[in-house]
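Work out the full structure, taking the sequences as your base and the hints as a guide.
Top to bottom, those sequences are chains A and B. Mapped onto UniProt numbering, the consecutive letters of the first sequence carry residue numbers 1 to 253. Mapped onto UniProt numbering, the consecutive letters of the second sequence carry residue numbers 1 to 442.
Bear in mind the hints are in silico, worked out from the structure with no lab data behind them. Treat the hints with care, since some could be wrong.
Stated by the list, open to error - Reference excerpt, derived from the structure (chain A facing chain B, CB under 8 Å, subset only):
no.	residue
1	P14
2	S15
3	T18
4	G36
5	S78
6	Q84
7	Q88
8	A89
9	L143
10	G145
11	Y160
12	H205
13	K211
14	R251
Since this is a predicted model, take the numbers as computed values, not measurements. Virtual Cβ for every residue (Gly too), placed ideally from N, Cα, C.
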Amino acid sequence: MTSETQPTPREAHPSKGTIRVVQLYPREMNIYGDWGNALVLQQRIKWHGYTPELLEYNVGDDFPEDVDIIVGGGGQDSGQLVIQDDLQARAEQLRQLADEGAPMLVICGLYQLFGKFFKTSTGPTIPGIGILDVETHGTDERLIGNVIMKSAEFGDILGYENHSGQTTLGPGVEPLGTVTKGAGNNSKDGHEGARYNNVVASYLHGSLLPKNPAIADFLIRTAAERKYGTFVPGAPDDDYARLAREHAARRPR
Amino acid sequence: MLSFSVPLGKLVRTLSRLRGGGSAFPGLVVEKIDPGFMQRTLASLPHGVAVVSGTNGKTTTTKMVVELLESQGLKVFTNRTGSNFTRGVAASLLGEVDWRGRLDADIAILELDEAHAVHFVNKVQPRFSLLLNVLRDQLDRFGEIDKTARLLEHIASKTTDTVVLNREDPRVARIADTLNGLDAVHHPSVRYFGLDESLRSTFPNDDEMRTGSGPSPSGTPVAAATGDIVALPAADVVLRRVGAQDADFEFDGKTVTTAMKLRGVYNIFNAAAALSLARAVLGTGPVDTPKLVKALGEVAPAFGRGESLTVDGQPLELVLVKNPSGFRLGLKSFPAGGYATMIAINDNYADGRDMSWLWDVEFESLREDGVEVLTGVRAYDMALRLQYDEVPFGVVEPDITAALRTFIDGSRGKPKRVFCTYTSMLAIRRELAKITIVEVVS
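What follows is the structure, encoded as structure tokens:
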């Protein structure tokens, strides 16, 4: 069953409208705090003066209608196996949304499965849904640690990677950023994540959005513009995000 | 060889202690010159070796098992905090053996870090093992939780007599199935410690975290990967109820109520674990149950595990938080009302470098009373986390010494509580030792 996890907050001012966020497979694909991304979207939608509606989509659920933002996280290899059939069944719907410009954030495991395939190091190949022109090969090398990358679109992006799948990008996507600390998509290319239309894909946990509010606001702005034609931002207080970024940037790999 | 290695190792131990540190170094020396030392010494124990492992609660549980067995008159060898790896065990042994290498003990109860336990059991097969849980802990060290579960599986497979498993943790309970594949000769028996249905909702496991649905309405555990309802095996010891200062344990078909010095539901659940292991060790021999239960009630928390110090005539509680489950249980077990609260978050290697785990903890329970001080290397990550949960907070001061002073000065006359990661707890204890009595941990 799809369920609302949070009641609609009380509003001091009339809402500028509802923005519906769907979290993909929180049961299996929610590791290393990726829930934080959904929480940040929910709170910032509110702080911008809109009404957030946060829905969960799990294996076997009816897919929610009128989706404004999709967010999905990482999981164990076992979690990827559990969701793969259901994800294939939703592939067409998700691809259409991405092609139409729906904003999406996919992290780690779902980044891999939004690509063409994930060939695991132990043999089996998990087919992806091909929204992103990327492919991933499992390795015995685990890329772990703090990451900083430069992005023309979002400025410096900070986070934490922990993956043994190595992803290579095809011509249909752009990297999210160029790594200045850490590995990123793989141990050779020096870039991290992928961009296609309004899809943002990344290996970074942290969670990603709290310390990178520019990405959160991009997703919210895109959703509002698609739904209401315009985005009227509020003024979230990002002082602590700025300070947390400054301190995080000084930490070792 | 034998005649030289032990005296030499003991000498190195004495010298390195005089230097003030290096707890494992003498272990390295004796390992090099006498690789059979540890196996030989432990093999001489009449009740053999019991290993306690899992991601959370090893230290307190090991302490409890030791005190339970001592209440029955057994002489117990155990390793000290901070030496929960093979070389550390060898170093601890050196401290206890006589100059001829003899250990005056009936059994060894060893707390072993899950990765190091694998190396240890390859050298010394334990007669008993107690496997507590697999929670998201320091994942940047082990990679994935499923991998950690496989480490515990290996410990179980090397155990010769009895494996004690947490019935409520699907990844641990499942280990019983893997043991069935072993040859009958090597097949250890399995027993479980468990929770009453009414308490299960206070122990969310990592798979149930943030699913919205939470534990299924009946409180029946759901197999992590499949969502299937699993039938629970009978448990040797079941924690039935946790009161403010007491708890009910069920074993041998009877329910026993005892006063508890331990605080925190998860500590008391580990008491059920300890009791089950102690019962396995005592086996069919005579058991003085009243003494056993009395010992259980008198176990004091291990350092930093809900330990209470006195500052300005008021209690100051240190609650170690190492991972999301531990933090959530800590918040649930130690309610905020009436307390001044400080949170100290470091990201050193021993804490885990990844801050993601803070986003898997809900802090709503602190909203009403707020948090006085945030400190540690990642104080601002914590501030950001509280901002998103709309929890008010006062001072943010990454420097722990300065923060602690502000916290104590600002909350005079109030009981205080500090939630802290491992290395921040060590720093806080060092500071507190200047103003109050703090147990010295070597």
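Verification of the supplied hints:
| no. | hint | in the structure |
| --- | --- | --- |
| 1 | P14 | 21 Å, violated |
| 2 | S15 | 18 Å, violated |
| 3 | T18 | 19 Å, violated |
| 4 | G36 | 3 Å, holds |
| 5 | S78 | 5 Å, holds |
| 6 | Q84 | 12 Å, violated |
| 7 | Q88 | 18 Å, violated |
| 8 | A89 | 17 Å, violated |
| 9 | L143 | 11 Å, violated |
| 10 | G145 | 7 Å, holds |
| 11 | Y160 | 4 Å, holds |
| 12 | H205 | 4 Å, holds |
| 13 | K211 | 7 Å, holds |
| 14 | R251 | 6 Å, holds |
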